[in-house]
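Quick note: the sequence shown, position 223, residue 259 per our numbering, numbers continuous.
Hints in this document: simulated from the structure, not taken from any laboratory. A hint or two may mislead.
[Said to hold, decoys possible] Quick list of the computed label-pair ranges, beta carbon to beta carbon:
no.	residue 1	residue 2	range
1	T152	Q79	17 to 27 Å
2	T175	S144	17 to 27 Å
3	N68	E128	10 to 20 Å
4	Q79	E202	32 to 42 Å
[As the list claims (entries may be wrong)] When the alpha-carbon atoms are kept at most 20 Å apart in a straight line, the in silico DMTMM-like pairs for lysine to aspartate or glutamate are as follows:
no.	residue 1	residue 2
5	K232	D215
6	K212	D229
7	K130	D229
8	K182	D196
9	K232	E128
Bear in mind the structure is a predicted one, so any value in this text is a computation, not a measurement. Beta carbons are placed, not taken as given, at the ideal position from N, Cα and C, and that holds for glycine.
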Amino acid sequence: MASMAHYLPSLFFINLLFTYINATCPPFDCGNGVTIGYPFWHQNQMFQHCGYPGFNLSCNNKNPTTLYLSNTFYSVQAINYSDHTLTLNYLEVKDTNCPRIPHDVNLSTSSLLNYTLGNTMLRFFYNCTLYPPSHPPITCLDYGAKRSFVFMVGAEPEFDWHAYCESIVTVPVIAKEVDGVLARGLIGQALRDGFKLTWKSDGACESCEASGGFCGVSSGQHQNFSCICNDGQDSIKCLVK
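Take the sequences, apply the hints, and build the full model.
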């Protein structure tokens, strides 16, 4: 059996790595009870190497914690580090029971974020000049003779919506009993719980973390992937000792 002395160098470097990361990238609270830590990082107060690319968050005492995703800011409601999930809210829902979400939620193929199984996709059809008469509109969004509608994706009635509606938007929600909520016209309630994403590291990051490093972004103009090793240096992969 190997002696404890055999493991001391490795334990020393692991402790040194965590000391380095915690000293330069300490967890923080934006004031709303959401603890921010690796792989997320504060874009105004922390180094770029403190987390995954695109996982930079913005916050201050007056505004909610926000994540910039698919060209839009979303409010961060909760982060669960044990199961790697992130709950986001639509900022448009904050002060109204009849919000209009103006854009899709798009996750790029290169994103380290993906939807969890607990989401339901909704599709909104805004300002339609012609529509099936048997389906109730979102009355609070009536605009003259134009009507707006919402359905769960896959449950939309057959109709040429693209030809008669000004815009079509698809978004995720985690609200329970969504169909019943929509039937009662409670659009704000359906959207208020937001949606949930999960994150994972890519191949380069998995290799980095497996070698004892932390994934981050290198300093400089191009902001390339960087593996932060136990000596505090940027690399592609740490040297396992």
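Evaluation of the provided hints:
1. T152 - Q79: 17 to 27 Å: Because 25 Å falls inside the window, the suggested range holds.
2. T175 - S144: 17 to 27 Å: Between T175 and S144, where Cβ atoms are some 35 Å apart, the hint is violated.
3. N68 - E128: 10 to 20 Å: Because 18 Å falls inside the window, the suggested range holds.
4. Q79 - E202: 32 to 42 Å: holds, 34 Å
5. K232 - D215: holds, 19 Å
6. K212 - D229: holds, 9 Å
7. K130 - D229: Distance of about 11 Å is within 20 Å: holds.
8. K182 - D196: holds, 15 Å
9. K232 - E128: holds, 17 Å
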